[in-house]
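Trainee: With the hints as your guide, set chain B onto chain A.
Just so you know, the sequences run in chain order A and B. FYI, in the working numbering the residues of the first sequence are 13 to 407. FYI, in the working numbering the residues of the second sequence are 13 to 407.
Since the hints were derived computationally from the structure, they do not count as laboratory data. Only a predicted model underlies this, so the values are computations on that prediction, with no experimental measurement involved. One thing to keep in mind: the hints can contain errors.
As the list claims (entries may be wrong) - The list that follows gives simulated cross-link-like pairs (lysine to any residue, SDA-like), each with its CA atoms no further than 20 Å apart: (1) B/K91 <-> B/G385; (2) A/K109 <-> B/L278; (3) B/K125 <-> B/R95; (4) A/K289 <-> B/E231; (5) A/K64 <-> B/G230; (6) A/K125 <-> B/A368; (7) B/K289 <-> A/H59; (8) A/K64 <-> B/E231; (9) A/K109 <-> B/G115; (10) A/K129 <-> B/A14; (11) B/K299 <-> A/A332; (12) B/K91 <-> B/G115; (13) B/K109 <-> A/V319; (14) A/K299 <-> B/H342; (15) B/K289 <-> A/W60; (16) A/K109 <-> B/G367; (17) B/K289 <-> A/G61; (18) B/K64 <-> A/G230; (19) B/K109 <-> A/K64; (20) A/K289 <-> B/F63; (21) A/K109 <-> B/E315; (22) B/K129 <-> A/A368; (23) B/K109 <-> A/A321; (24) B/K64 <-> A/A229; (25) B/K91 <-> B/K64; (26) A/K64 <-> B/G367; (27) A/K109 <-> B/G61; (28) A/K125 <-> B/S262; (29) A/K289 <-> B/Q56; (30) A/K109 <-> B/V319; (31) B/K252 <-> A/K109; (32) A/K129 <-> B/E315; (33) B/K109 <-> A/A264.
2 protein chains.
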Amino acid sequence: MAGALAGIRVVDLTTAYSGPFCTMHLADHGAEVIKVEYPGTGDQTRHWGPFKNGASGYYHFLNRNKKGITLNLKCGKGKEILRKLVQTADVLVENFKVGTLDGMGIGYEELAKINPKLIYASISGFGLDGPYARRPCYDVVAQAMSGIMTITGFPGNPPTKVGPSVGDNYAGTYLALGILFALFHRERTGLGQRVDVSMLDTLFSVLENAVIMNTLAGEIPRQAGNADPSIAPFDVYAVKDGYLAVGVGSNAQWERLCRIMQREDLIHDERFDTNGKRVANYETDLKEIMTRWAAGYTRQELEETLVAAGICVGPVLSVAEAVTHPQIRHRGMILELETQELGRISIPGVPIKLGASPGGIARAAPTLGEANGELLSQLGYSAADIEELAKEEVI
Amino acid sequence: MAGALAGIRVVDLTTAYSGPFCTMHLADHGAEVIKVEYPGTGDQTRHWGPFKNGASGYYHFLNRNKKGITLNLKCGKGKEILRKLVQTADVLVENFKVGTLDGMGIGYEELAKINPKLIYASISGFGLDGPYARRPCYDVVAQAMSGIMTITGFPGNPPTKVGPSVGDNYAGTYLALGILFALFHRERTGLGQRVDVSMLDTLFSVLENAVIMNTLAGEIPRQAGNADPSIAPFDVYAVKDGYLAVGVGSNAQWERLCRIMQREDLIHDERFDTNGKRVANYETDLKEIMTRWAAGYTRQELEETLVAAGICVGPVLSVAEAVTHPQIRHRGMILELETQELGRISIPGVPIKLGASPGGIARAAPTLGEANGELLSQLGYSAADIEELAKEEVI
Numbered sequence: 013m014a015g016a017l018a019g020i021r022v023v024d025l026t027t028a029y030s031g032p033f034c035t036m037h038l039a040d041h042g043a044e045v046i047k048v049e050y051p052g053t054g055d056q057t058r059h060w061g062p063f064k065n066g067a068s069g070y071y072h073f074l075n076r077n078k079k080g081i082t083l084n085l086k087c088g089k090g091k092e093i094l095r096k097l098v099q100t101a102d103v104l105v106e107n108f109k110v111g112t113l114d115g116m117g118i119g120y121e122e123l124a125k126i127n128p129k130l131i132y133a134s135i136s137g138f139g140l141d142g143p144y145a146r147r148p149c150y151d152v153v154a155q156a157m158s159g160i161m162t163i164t165g166f167p168g169n170p171p172t173k174v175g176p177s178v179g180d181n182y183a184g185t186y187l188a189l190g191i192l193f194a195l196f197h198r199e200r201t202g203l204g205q206r207v208d209v210s211m212l213d214t215l216f217s218v219l220e221n222a223v224i225m226n227t228l229a230g231e232i233p234r235q236a237g238n239a240d241p242s243i244a245p246f247d248v249y250a251v252k253d254g255y256l257a258v259g260v261g262s263n264a265q266w267e268r269l270c271r272i273m274q275r276e277d278l279i280h281d282e283r284f285d286t287n288g289k290r291v292a293n294y295e296t297d298l299k300e301i302m303t304r305w306a307a308g309y310t311r312q313e314l315e316e317t318l319v320a321a322g323i324c325v326g327p328v329l330s331v332a333e334a335v336t337h338p339q340i341r342h343r344g345m346i347l348e349l350e351t352q353e354l355g356r357i358s359i360p361g362v363p364i365k366l367g368a369s370p371g372g373i374a375r376a377a378p379t380l381g382e383a384n385g386e387l388l389s390q391l392g393y394s395a396a397d398i399e400e401l402a403k404e405e406v407i
Numbered sequence: 013m014a015g016a017l018a019g020i021r022v023v024d025l026t027t028a029y030s031g032p033f034c035t036m037h038l039a040d041h042g043a044e045v046i047k048v049e050y051p052g053t054g055d056q057t058r059h060w061g062p063f064k065n066g067a068s069g070y071y072h073f074l075n076r077n078k079k080g081i082t083l084n085l086k087c088g089k090g091k092e093i094l095r096k097l098v099q100t101a102d103v104l105v106e107n108f109k110v111g112t113l114d115g116m117g118i119g120y121e122e123l124a125k126i127n128p129k130l131i132y133a134s135i136s137g138f139g140l141d142g143p144y145a146r147r148p149c150y151d152v153v154a155q156a157m158s159g160i161m162t163i164t165g166f167p168g169n170p171p172t173k174v175g176p177s178v179g180d181n182y183a184g185t186y187l188a189l190g191i192l193f194a195l196f197h198r199e200r201t202g203l204g205q206r207v208d209v210s211m212l213d214t215l216f217s218v219l220e221n222a223v224i225m226n227t228l229a230g231e232i233p234r235q236a237g238n239a240d241p242s243i244a245p246f247d248v249y250a251v252k253d254g255y256l257a258v259g260v261g262s263n264a265q266w267e268r269l270c271r272i273m274q275r276e277d278l279i280h281d282e283r284f285d286t287n288g289k290r291v292a293n294y295e296t297d298l299k300e301i302m303t304r305w306a307a308g309y310t311r312q313e314l315e316e317t318l319v320a321a322g323i324c325v326g327p328v329l330s331v332a333e334a335v336t337h338p339q340i341r342h343r344g345m346i347l348e349l350e351t352q353e354l355g356r357i358s359i360p361g362v363p364i365k366l367g368a369s370p371g372g373i374a375r376a377a378p379t380l381g382e383a384n385g386e387l388l389s390q391l392g393y394s395a396a397d398i399e400e401l402a403k404e405e406v407i
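Next up, chain A with everything else stripped away, as it sits in the complex:
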């Protein structure tokens, strides 16, 4: 696999989900990501499910393509090895609590001195500065404080979390983008720099027009279920065997939908003859008409009929159905990978497709300390040194 980041070395001190998701993007596109884990225990995701043969599927999908070494960063010899490694690196990524690495003498200021071209990238809950900087943060807290939970879910329900930890993975993606901005900048200027992404800033930045609805119009955006507040019909409907999303974006589509429903009478019904009126009369009238109609068909029946009419439609799929969906499969979004610990596994593929430098999945996630020999030899340690370091639990 030719990857856009071939030749870029990343020292990856991250654990859990946010940071490793960032470095997954970098590794998928050809960077040499050296995952640094604590000797003996390793990344906490090694203990997160699902498991097989005692090994973690969570760890494996997230850390594919990475090399793994172990290093005790609390001892002097471990820090010395890290400093040597950083001198060979382009990027360092970390998601410790703010200030932790500074306190250990391996913060940005220290490491930039020994490698001024280093890009030092941090994910935190609240950012490197501000009154909340040093607070611990989990995904659910970032989701809670961003406002996103109060605009997700159905009216009358409690605030609703986005299922997967988007506070983690979106911040990881933003950090990857920040690292690429910095790498590009370094190509032009020769200088490294610090990159700082927080989970709270990230989620706050993806609320669509909710923020400006508040600051410009003085509104407090609320939960609106699955319906779109400005287009109708545009909602999710229960059908015989599940649910279906339908979006009707124009009068021409509305007319075609009415014919499909065998309700030509509705085309020029004065409650529904413009999008504005369909929106205004959706909750009171149109929703029930759509709901009753949809209930008589299966997902597949309605999908085929509406697609043929050029109306935007899609079934609500379970994760199991998405995994086997022909479009997901065609796009390589499920790839098989041979692993030492789990055997052959199916994991999510590479979502960002580049024509000339596609990247891909070239190797399984590392066993703990798998690349200790390779990397330490490169740094000048002999086989005897390495054995000694292992005995002292430095690696």
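Mentor: Same frame as chain A, but now just chain B:
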């Protein structure tokens, strides 16, 4: 503002939310983004709320920092201008239905011929290939088919959409990252390439361990509300004046929480003395204990007490409360901007923070065709030519 992408010119043919969110990131970090709109009507978001003085707040927050020109790409003269512009550009971004620009003679193959260094980046619902490639797609359909709706929300509820259009904005962010991979690759190789991101691939890639729960463990992940399936207590609780997110990640934190609740008896209660037991007995026992306790306090009371004990906590904020939160403000996540059409507005700031090349918000979104004179002069058109092009509705 020094931006990492200073000197990079982006021709932005995108409309609505996904593409403009991509180019917002690029413009925030210093790229010269030339937003191309249809003469007369402009981007559809100019007609999306909230409005003030007849102008759109939606358009304005999303298109800050961009230059705007108008161009009718359906006519020969419009295409000729686009081709000249592309010869001066580094990147072209588009989110038309797949195949639209090819059909108009301004697809990737054509434009790469006249500028082999061009990075041509596309967002689509389902990707450039595969059986679903040419289907129309709105955010709700991408959310539906990705599986995310079946793992968001409360058990017993219908599948639940993430409130903001994350199918759009996350795909836009992935496309920005893809463009940066390609820009970096071009620095090293001199070659442009095609970048292809789909809304469906994007959301499928951010389901955390839901995919591997299915492929490795054979499970069908389901809605789990706000509770974490593998840590407890880790949930959102109703308090006197709203809701609060609390996460207890270790036995030491559990002990401190018990003391705060004045329930020292629970510390060694055999239902709760390990995380595994707390998870196993959460729904049946622990949830009610937590719920009753939390109900007696306000958000602020519990936030202060738990923060002091080093327990991860945060209030569920409305969007209005997030907008005025001291951490959001400290981080510059709300910035004021003077605009011609809306006066002074407050919009979301730049979420990716770079130390040496911070970027920022330097200019308001363009009025329709604002930069026609500037850009067309650069391409060699005289004032009289430009007047004629306007008369012919080419611009």
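Trainee: Given the hinted pair A/K64 and B/G230, is their Cα-Cα distance within 20 Å?
Mentor: holds, 11 Å
Trainee: Are the Cα atoms of B/K109 and A/K64 separated by 20 Å or less?
Mentor: Not OK: B/K109 and A/K64 at ~42 Å, beyond 20 Å, violated.
Trainee: What's the verdict on A/K129 and B/E315, does the C-alpha distance respect the 20 Å limit or exceed it?
Mentor: With Cα atoms ~41 Å apart, A/K129 and B/E315 exceed 20 Å; violated.
Trainee: Given the hint that B/K91 pairs with B/K64, test it: the Cα-Cα distance must not exceed 20 Å.
Mentor: Since the Cα atoms of B/K91 and B/K64 sit roughly 34 Å apart, the hinted pair is violated (cutoff 20 Å).
Trainee: Regarding the pair A/K109 and B/G367, is the alpha-carbon distance no greater than 20 Å?
Mentor: holds, 19 Å
Trainee: Please verify whether B/K289 and A/W60 have alpha carbons no more than 20 Å apart.
Mentor: OK: B/K289 and A/W60 at ~16 Å, within 20 Å.
Trainee: Is the hinted pair A/K109 and B/E315 satisfied, with a Cα-Cα distance of at most 20 Å?
Mentor: Roughly 19 Å separates the two Cα atoms, so the pair holds.
Trainee: Would the pair A/K299 and B/H342 pass a check requiring their Cα atoms to be no farther apart than 20 Å?
Mentor: violated, 43 Å
Trainee: Hint check: B/K125 vs B/R95, CA-CA at most 20 Å. Holds or violated?
Mentor: holds, 11 Å
Trainee: Against the 20 Å threshold, does the CA-CA distance of B/K91 and B/G385 hold or violate the hint?
Mentor: holds, 17 Å
Trainee: CA of A/K109 to CA of B/V319, is that 20 Å or under?
Mentor: holds, 14 Å
Trainee: Take the C-alpha atoms of A/K289 and B/E231, compute the straight-line distance between them, and say whether it is at most 20 Å.
Mentor: violated, 44 Å
Checked against the numbered hints above, the structure violates hints 2, 4, 9, 11, 14, 19, 25, 26, 27, 28, 31 and 32; every other hint is satisfied.
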